[in-house]
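Protein chains in written order, with my numbering: chain F, 1 to 284; chain B, 1001 to 1262.
Among the clues, some could well be false.
Pairwise CB distance ranges (calculated) [stated by the list, open to error]: (1) S1121(B) / R120(F): 55 to 65 angstroms; (2) W1009(B) / Q151(F): 26 to 36 angstroms; (3) P255(F) / S1002(B): 48 to 58 angstroms; (4) Q151(F) / L1191(B): 17 to 27 angstroms.
On the chain F side, residues computed to face chain B include the following (Cβ under 7 angstroms) [what the hints assert, rightly or not]: (5) R8; (6) V52; (7) L54; (8) R85; (9) G86; (10) L91; (11) P93; (12) T98; (13) L100; (14) A103; (15) I104; (16) E112; (17) A113; (18) A116; (19) H117.
These are calculated hints, taken from the structure and not from any lab test. In this text, a Cβ means the ideal position worked out from N, Cα and C, and glycines have one as well.
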Amino acid sequence: MNTEALLRVRLSGGYSGSDVLRDLMFELQPGEVVGLVGSSGAGKSTIVLSLVGLLPWRGGRVTGEVVMAGRNLLALREKELRAMRGRSIALIPQSPMTALNAAISIRSHFREAWRAHDKRGREPMLLRVRELMAEVQLPCDDAFLARRPPQISVGQAQRVLIALALLHRPALIIADEPTSALDPVTQAQIVDLLRELNRRYGTTLLYISHDLISVMRLCDRIAVLDQGTIVESLPVSEVGQARHPASLSLLHALPVPPEALLRFRDQPARNAETLCELAEKLPQ
Amino acid sequence: MSLRRGALWVLVGLILTAGAVVARPGASYAHQDREATLAGSSMQHPAGTDDFGRDRLIRVSAALLISLTGSIVGAALTTAAAAGVGTLAAFGPKVVGWSTMLVCDAFLALPWMFLLMMVRSALPFTMSPAHSAAITFLVLAALGWPACARAVYRGAVAQRTSGWMLHARATGLHRTQMIRYLLPNLLSLLLPQFLVSIPAFVIAEANLGALGLGISEPLPSWGGMLFELNNSAMLLETRWVFFPLALLVVVLLALEGTAAEA
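Please model the entire structure based on the sequences and the hints provided.
Structural data, given as structure tokens:
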């Protein structure tokens, strides 16, 4: 095992009567973007909750270890784990509209998330929020910050969640299918935004998705999840050499060959020029 | 105009009229006009007088204001208590939630009216009328919270496993922050509970008063005035003895209407 890894994971667990994760093992290197792909029911969301110690809140149980900076997160007390959540590990959840509190303003979301880990008060918070809103390409005026989640679009809500995840400059961001609720144009923009943030700040990103197109656009490495364990892990550039049936079935579901997607990997998405349109231009 | 808005206007109109009647110079709910006992409507006493010669309009107006003030304060207290108990039960250890709900069930299984009578009759009868009014509504508030706490508990448990709560935990929010986060989400549950408690407390006070266990004389109360209806001989003297009852029904309908669409 690499001792330099930012995160070292070995997990087993699930819910009463069913094992979802079976001796699942992987590592994340600092600054790396890893895509964890798998079909529905493969255990993706269970991994997310396990990594941040929240599986028991959904009635699950987990054993093993999640080692980050030499500390096993699963062995920490709730108080210590709380201090790490949002500050060292942040989460970008799947459904932006349900993940934000519909009853309070966007500003309150930032204020509470700030107060959870930083006691420096209002001014540094406003400064940081202004910086982040520019990063995620959202307006930072009072009128926007006073809006509540139902008053903004799904794409804007997802950007707010990304900004919230970045608030305390965490070393690791776990993105749990962050584009699944979005239209293709916004999907491509969010993927590019995450890629840009990783390039600029070197934030390690664990990108969990069933959408191989966005994974190939964003990630350095792909880990294929099947029946609660990682069956294959390889660099994105070598994805065509995948041999496991689970990997192959994901690759076969792609509308174009993986090599074609890799060719357009480093082109930023423009509004009307989505991956699908790019794919149409490819020679058959 | 919606039913709710109409009911609210009726209620505001009644409160303003009652306030104007009570605040009129020389108006006293305890003044006895010995020349006109159990009188019908007149210029001096538009709604007649009771058997002590006290002006019925002033007494009904004062009763309306006392009853509504007491019921609103009582409902606010009981809703706040229910919000606290329900939320703590939902967010505390499982055993706390389970045992709190058991206590609520036990409370709800008790014969509520009988319990009120028992508690109220255990209190000394020598206390001042103002104290008797305060205690009556406090007793109502103290006994009224379990049903509301149950509803809050169910709502808070649903919120505990919601997506935003999970995200709040993943953001590292403190427990107190999450409860502050939670309260605006429970408002849609607490507001109807509060509004429904008000007419319930108005009628409960009237029932207690009619049994002689409510607000003490000479302070006017719905119950005290409904007590007059026990005397069939008095009913024949003047139809105005039904005035407090009629107004009580109007107030209750207005309160129920206000709570209807909340």
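The hints, checked one at a time:
no., hint, in the structure
1, S1121(B) / R120(F): 55 to 65 angstroms, "59 angstroms, holds"
2, W1009(B) / Q151(F): 26 to 36 angstroms, "30 angstroms, holds"
3, P255(F) / S1002(B): 48 to 58 angstroms, "53 angstroms, holds"
4, Q151(F) / L1191(B): 17 to 27 angstroms, "21 angstroms, holds"
5, R8, "20 angstroms, violated"
6, V52, "5 angstroms, holds"
7, L54, "6 angstroms, holds"
8, R85, "4 angstroms, holds"
9, G86, "3 angstroms, holds"
10, L91, "4 angstroms, holds"
11, P93, "5 angstroms, holds"
12, T98, "3 angstroms, holds"
13, L100, "6 angstroms, holds"
14, A103, "3 angstroms, holds"
15, I104, "6 angstroms, holds"
16, E112, "5 angstroms, holds"
17, A113, "5 angstroms, holds"
18, A116, "5 angstroms, holds"
19, H117, "6 angstroms, holds"
Hint 5 from the list above is the single one not met by this structure.
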